[in-house]
Structures are given as structure tokens and as C-alpha cells.
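Participant: Line by line, the protein sequences give chains P and F.
Going by our numbering, the first sequence opens with residue 2, and the numbers climb by one from there.
Going by our numbering, the second sequence opens with residue 2, and the numbers climb by one from there.
Taking lysine-lysine pairs in the BS3-like style, the calculated list, with each CA pair at most 30 angstroms apart, reads:
id: 1; chain 1: P; residue 1: K43; chain 2: P; residue 2: K13
id: 2; chain 1: F; residue 1: K13; chain 2: F; residue 2: K43
id: 3; chain 1: P; residue 1: K40; chain 2: F; residue 2: K22
id: 4; chain 1: P; residue 1: K40; chain 2: P; residue 2: K22
id: 5; chain 1: F; residue 1: K40; chain 2: F; residue 2: K13
id: 6; chain 1: P; residue 1: K40; chain 2: P; residue 2: K13
id: 7; chain 1: F; residue 1: K22; chain 2: P; residue 2: K22
id: 8; chain 1: F; residue 1: K13; chain 2: P; residue 2: K40
id: 9; chain 1: P; residue 1: K5; chain 2: F; residue 2: K5
id: 10; chain 1: P; residue 1: K43; chain 2: P; residue 2: K22
id: 11; chain 1: F; residue 1: K43; chain 2: F; residue 2: K22
id: 12; chain 1: P; residue 1: K40; chain 2: P; residue 2: K5
id: 13; chain 1: P; residue 1: K13; chain 2: F; residue 2: K40
id: 14; chain 1: P; residue 1: K43; chain 2: F; residue 2: K22
id: 15; chain 1: F; residue 1: K5; chain 2: F; residue 2: K43
id: 16; chain 1: P; residue 1: K40; chain 2: F; residue 2: K5
id: 17; chain 1: P; residue 1: K22; chain 2: F; residue 2: K40
id: 18; chain 1: F; residue 1: K40; chain 2: F; residue 2: K5
id: 19; chain 1: F; residue 1: K22; chain 2: P; residue 2: K5
id: 20; chain 1: F; residue 1: K13; chain 2: P; residue 2: K5
id: 21; chain 1: F; residue 1: K22; chain 2: P; residue 2: K13
id: 22; chain 1: P; residue 1: K13; chain 2: F; residue 2: K13
id: 23; chain 1: P; residue 1: K43; chain 2: F; residue 2: K5
id: 24; chain 1: F; residue 1: K43; chain 2: P; residue 2: K43
id: 25; chain 1: P; residue 1: K40; chain 2: F; residue 2: K40
id: 26; chain 1: P; residue 1: K5; chain 2: F; residue 2: K40
id: 27; chain 1: F; residue 1: K43; chain 2: P; residue 2: K40
id: 28; chain 1: F; residue 1: K43; chain 2: P; residue 2: K5
id: 29; chain 1: F; residue 1: K5; chain 2: P; residue 2: K13
id: 30; chain 1: P; residue 1: K22; chain 2: F; residue 2: K5
id: 31; chain 1: F; residue 1: K13; chain 2: P; residue 2: K43
id: 32; chain 1: P; residue 1: K13; chain 2: F; residue 2: K43
id: 33; chain 1: P; residue 1: K22; chain 2: F; residue 2: K43
id: 34; chain 1: F; residue 1: K40; chain 2: P; residue 2: K43
id: 35; chain 1: F; residue 1: K13; chain 2: P; residue 2: K22
Coverage of chain F stretches by chain P, computed from C-beta distances (three or more under 8 angstroms per stretch; other residues unrestricted):
id: 36; segment: 18-30
id: 37; segment: 35-45
id: 38; segment: 57-71
These aren't lab readings, by the way, just hints derived from the structure by calculation.
Even for Gly, the Cβ is constructed at its ideal location relative to N, Cα and C.
Number of protein chains: 2
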Amino acid sequence: MRSKVTVLIRLKEGILDPQGKAIEESLPALGYGGVESVKVGKVIEMIAEGADAAEIESRVRAMCDALLANPVIEDYEVELTAAREGG
Amino acid sequence: MRSKVTVLIRLKEGILDPQGKAIEESLPALGYGGVESVKVGKVIEMIAEGADAAEIESRVRAMCDALLANPVIEDYEVELTAAREGG
Numbered sequence: 002m003r004s005k006v007t008v009l010i011r012l013k014e015g016i017l018d019p020q021g022k023a024i025e026e027s028l029p030a031l032g033y034g035g036v037e038s039v040k041v042g043k044v045i046e047m048i049a050e051g052a053d054a055a056e057i058e059s060r061v062r063a064m065c066d067a068l069l070a071n072p073v074i075e076d077y078e079v080e081l082t083a084a085r086e087g088g
Numbered sequence: 002m003r004s005k006v007t008v009l010i011r012l013k014e015g016i017l018d019p020q021g022k023a024i025e026e027s028l029p030a031l032g033y034g035g036v037e038s039v040k041v042g043k044v045i046e047m048i049a050e051g052a053d054a055a056e057i058e059s060r061v062r063a064m065c066d067a068l069l070a071n072p073v074i075e076d077y078e079v080e081l082t083a084a085r086e087g088g
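Same shape as in the complex, but just chain P (with noise of 0.2 angstroms):
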């Protein structure tokens, strides 16, 4: 089977994150008060392939593991959508 596959990526609690600083401190300098906590994470989203939902989702953990993610400091969420029979 081919699915798409979603996943987070974010850095895990108690990491600095300055891009979501920069974020919060520019927003009420543009008019938008009333906000806080700011993240910033990636999303990379593929169709992948393999025998069924449970081994896809495995292998692309394991790329989460071996590439896409920093596991040391992010943490991520494997999510597969539209699976899609055939292909």
C-alpha cells in the first residue's frame, strides 16, 4: 500500500527555542498582543510505500531516527493519512 505520511517535528520541552522568541517578541510590535508560548517546529509530509500502515509507519520512524529528526533534542509524531490501496 501507498500512504501520505505527516510528521512533526518539535524541539522537545525545556529546549531553547529562539525562532519562536523572535516570533513572540516581533508580534505585539505588529499589533498582535495576546500571545504566548510560541514554537516553531518542521512538518515534512511524503507518500510512502510498504506492505501495510504498521510497517510504514515504522520505517518512517526509523528515518525520523536516522535523518529527518535530531532525536537528542526534538521529538516527533508519525501520522499516516489517506492511505491509499494499490499504486
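Using the hints, position chain F against chain P.
Facilitator: Chain F only, in chain P's frame:
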């Protein structure tokens, strides 16, 4: 009300995604074949305050146009998750 807001920012269809391309070309070398159409985007999470969900969403969309996204080459999705009353 206060709400957690998740913003997904992706390159528009047809815009070259060199980061996605680099991942797509690196994966087979690491033993992960069967992956295509890799796209890399950003996820921005925040806690935002506003009168109601509609007002929060429209303010966050304005923030996207003003600072968070580049509307010329990027599309964004705004999603309110885990609305919290009070605060």
C-alpha cells in the same frame, strides 16, 4: 478565551522545495526506499487569547500574512486545538 493554535505552513504547489528534494535523495542512500513527494514545511504552535474562536482564528491569519508565512510562496492552515475557557 484562550486557545492553543496550530499553524501549518507549506510551500505552494509548484514552488521548488530544495529541502524536501535533499531528503528524498538522501533516504535511499540510508536504506529507505519507496518514499516520494517529500515536502518540508513549518509548524508554529502558540497560545492565543481572544473574544471567541472566530476572532482568534482571524487574528492568527492576519499574523500569518504579516509575519509567520510568506503568502507569495506559502500556504497556511490555522487550527484551534484544545480551546480553554477563562484564563
